[in-house]
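Visitor: So the chains spell out like this:
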Amino acid sequence: MNAIVISAVLGVVMMFSGVLTNSKTAVRTVAIIGLLGLIVANVLDMGGYHFFNVNVKGMLSFDVFGLLFNTIAFASTWIYFLLSGRDMERVGINLAEYFALIFFVLCGIAIVSSFNSLLMLFLGIEIISIPLYILTGSDKRNLKSNEAALKYFLMGSFSTGIMLMGITLLYGVKGSFDMDVIRAGTTSLTPMITAGLLLLLFAMSFKVSAAPFHFWTPDAYDGSPTVFTSFMATIVKVAGFIAFIRLFEGCFGDVKGQWQLLAAIITAATLFIGNITAVFQQSVKRMLSYSSIAQAGFMLFALVAMNDMAKEGMIFYAAAYSLATIGIFAILLKMKDYTFEGFNGLAKRQPVLAATNTIFLLSLAGIPATAGFWAKFYMLSAAINDGKVLWLVIVGVLCAAISVYYYFRVIQAMYFKDGEPQDIETSKGFRGLLIGIAAVVVLLGIFPHWLLDQLSNFLYL
Amino acid sequence: MLIERYIYLAIALFCIGIVGVLARRNAIIIFMCIELMLNAVNLLLVAFSKMHHAAGVGKAAAAGIDGQLFVFFIMVVAAAEVSVGLAIIVMMYRNTHSVDVNFLNRLKH
Numbered sequence: 038m039n040a041i042v043i044s045a046v047l048g049v050v051m052m053f054s055g056v057l058t059n060s061k062t063a064v065r066t067v068a069i070i071g072l073l074g075l076i077v078a079n080v081l082d083m084g085g086y087h088f089f090n091v092n093v094k095g096m097l098s099f100d101v102f103g104l105l106f107n108t109i110a111f112a113s114t115w116i117y118f119l120l121s122g123r124d125m126e127r128v129g130i131n132l133a134e135y136f137a138l139i140f141f142v143l144c145g146i147a148i149v150s151s152f153n154s155l156l157m158l159f160l161g162i163e164i165i166s167i168p169l170y171i172l173t174g175s176d177k178r179n180l181k182s183n184e185a186a187l188k189y190f191l192m193g194s195f196s197t198g199i200m201l202m203g204i205t206l207l208y209g210v211k212g213s214f215d216m217d218v219i220r221a222g223t224t225s226l227t228p229m230i231t232a233g234l235l236l237l238l239f240a241m242s243f244k245v246s247a248a249p250f251h252f253w254t255p256d257a258y259d260g261s262p263t264v265f266t267s268f269m270a271t272i273v274k275v276a277g278f279i280a281f282i283r284l285f286e287g288c289f290g291d292v293k294g295q296w297q298l299l300a301a302i303i304t305a306a307t308l309f310i311g312n313i314t315a316v317f318q319q320s321v322k323r324m325l326s327y328s329s330i331a332q333a334g335f336m337l338f339a340l341v342a343m344n345d346m347a348k349e350g351m352i353f354y355a356a357a358y359s360l361a362t363i364g365i366f367a368i369l370l371k372m373k374d375y376t377f378e379g380f381n382g383l384a385k386r387q388p389v390l391a392a393t394n395t396i397f398l399l400s401l402a403g404i405p406a407t408a409g410f411w412a413k414f415y416m417l418s419a420a421i422n423d424g425k426v427l428w429l430v431i432v433g434v435l436c437a438a439i440s441v442y443y444y445f446r447v448i449q450a451m452y453f454k455d456g457e458p459q460d461i462e463t464s465k466g467f468r469g470l471l472i473g474i475a476a477v478v479v480l481l482g483i484f485p486h487w488l489l490d491q492l493s494n495f496l497y498l
Numbered sequence: 000m001l002i003e004r005y006i007y008l009a010i011a012l013f014c015i016g017i018v019g020v021l022a023r024r025n026a027i028i029i030f031m032c033i034e035l036m037l038n039a040v041n042l043l044l045v046a047f048s049k050m051h052h053a054a055g056v057g058k059a060a061a062a063g064i065d066g067q068l069f070v071f072f073i074m075v076v077a078a079a080e081v082s083v084g085l086a087i088i089v090m091m092y093r094n095t096h097s098v099d100v101n102f103l104n105r106l107k108h
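From first to last, the protein sequence lines stand for chains V and U.
Here the first sequence stands for residues 38 to 498, numbered as in the numbering used here.
Here the second sequence stands for residues 0 to 108, numbered as in the numbering used here.
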């Protein structure tokens with residue numbers, strides 16, 4: 038509960054800080070300190086210190102899995118604020134409002150990681166989506182930003198409508214929005230429950246941009262201001278997966294055998310489309326949007342397998358993917374040319390940026406000794422443990438091999454091609470922070486058991 | 000009360016909404032079709048709520064009430080969505096003097 042209340046209050050505080058002061062540094066500092074406070078409050082919540090005792094009538098339940106995910110999401114956002122906070126100033130003059138909207142999104146994330154009633158799922162998803170529509174269109178004079186916002190908005194509310202229909206059909210059968218009531222007695226699928234399940238599956242696939250419902254993603258990610266693409270493609274997307282897994286485990290965990298094949302087909306299609314299309318992109322930003330679809334395919338393994346290993350792996354994947362992608366976007370933000378040619382010869386002029394970018398890209402590609410390798414490893418072995426979807430594991434490995442091609446194109450451009458000089462200004466703190474994140478990515482890759490031990494301590498004690 | 004009729008009506012409205020979203024090219028009409036989908040859901044929720052209330056009225060006085068509660072939440076969220084969505088459409092209109100979604104192809108290149 039701490040995280041939900043405090044993040045909403047911080048959002049309001051940020052809105053007023055924009056009225057009270059004109060100093061951008063002050064606004065940014067308030068946001069960074071506030072978010073740090075939010076992380077501390079959430080960690081205290083895990084330790085049993087609940088600041089607010091609200092009777093939620095069983096609509097929310099704060100288990101350690103959700104709280105741990107909150108911590109990872111908030112910590113990633115904190116790193117994102119530190120790395121890219123300055124770049125938000127270039128989008129427009131409403132800096133305080135951008136921070137406020139991001140805090141509201143975090144409030145929604147805290148709700149979807151702990152909902153126990155479909156009403157809260159709906160509210161959480163909407164609290165995440167509506168601020169994101171605004172952030173996507175925040176570059177008001179830019180036609181691409183307008184277009185991205187309109188597409189994202191229309192597709193987002195369309196999928197909300199579909200999700201609501203699914204929820205309603207389930208309510209018609211069970212007479213309650215409570216996930217435990219819906220799960221109880223659902224041992225076989227009647228037509229109404231099947232329809233509800235399918236509509237929810239499609240709607241959530243829309244939200245996490247799984248194929249064949251991914252078509253809005255590249256446009257929305259490409260058109261929105263890069264600094265907000267970074268946030269949308271990492272933290273928000275991972276939160277969508279947490280909601281997805283929580284919903285399907287909570288409502289339909291007992292009939293998994295009957296929808297597992299469909300989920301596996303969606304996963305395979307997502308992996309395939311994401312990776313193949315990413316190969317043909319000319320812009321690194323657009324390549325990263327397709328790469329986010331491809332990574333979504335790997336995260337869907339957790340939905341297909343749905344065992345303890347998959348849930349642990351999902352948290353690990355969330356951390357590894359968010360850190361690496363936020364780092365790459367922070368470097369991309371410093372570039373003026375977003376094409377692959379723009380990266381030519383970066384290693385000579387900015388060796389630190391090139392080296393850290395290489396580590397992030399290697400992590401996304403899943404090369405051993407980086408966090409991304411273990412993230413993919415846990416996802417694949419969760420699917421192997423499940424035993425019914427071995428063909429999906431083979432598809433996963435093949436697609437991981439394809440993904441190496443387009444990630445290495447950036448590395449090749451940075452190290453082995455000469456380009457015209459492009460002056461990039463970076464501060465010492467920025468470079469230091471990048472090195473720090475790269476170190477975390479490598480450390481998680483060499484000692485994955487540290488984070489996983491933390492996870493199992495929390496999950497099994 | 001025949002619940003089937005409500006289900007057929009709501010499904011029909013919902014499908015009209017979906018077809019409208021997929022087939023029409025005017026952003027405002029697409030938006031209206033989305034609202035139609037949401038209202039079909041509202042209608043069905045109220046019908047189910049009455050049904051569960053009639054079935055469980057002997058056990059609890061408030062049986063089936065949460066369906067109607069959900070309708071209010073949908074209305075509030077839809078209002079919030081309208082305010083953001085219309086702002087986005089107005090912003091679009093200022094820049095292109097059109098609300099036709101066929102104009103939305105700049106990102107393809």
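The hints are simulated quantities; they were obtained by calculation from the structure and are not laboratory data.
Please note: incorrect hints may appear among the correct ones.
If you want a taste of the chain U side facing chain V, the calculated C-beta under 10 angstroms gives, among others [to be verified]: (1) Ala46; (2) Ala60; (3) Val83; (4) Val98.
What you are looking at is a predicted structure, and each value in this text was computed from that prediction instead of being measured.
Note that the Cβ used here is the ideal one computed from N, Cα and C, for glycine as well.
Visitor: For each hint, tell me whether it holds in the structure or not.
Guide: So, going through the hints one by one against the coordinates:
{"no.": "1", "hint": "Ala46", "verdict": "8 angstroms, holds"}
{"no.": "2", "hint": "Ala60", "verdict": "15 angstroms, violated"}
{"no.": "3", "hint": "Val83", "verdict": "5 angstroms, holds"}
{"no.": "4", "hint": "Val98", "verdict": "9 angstroms, holds"}
Hint 2 alone, counting from the list given before, is not met by this structure.
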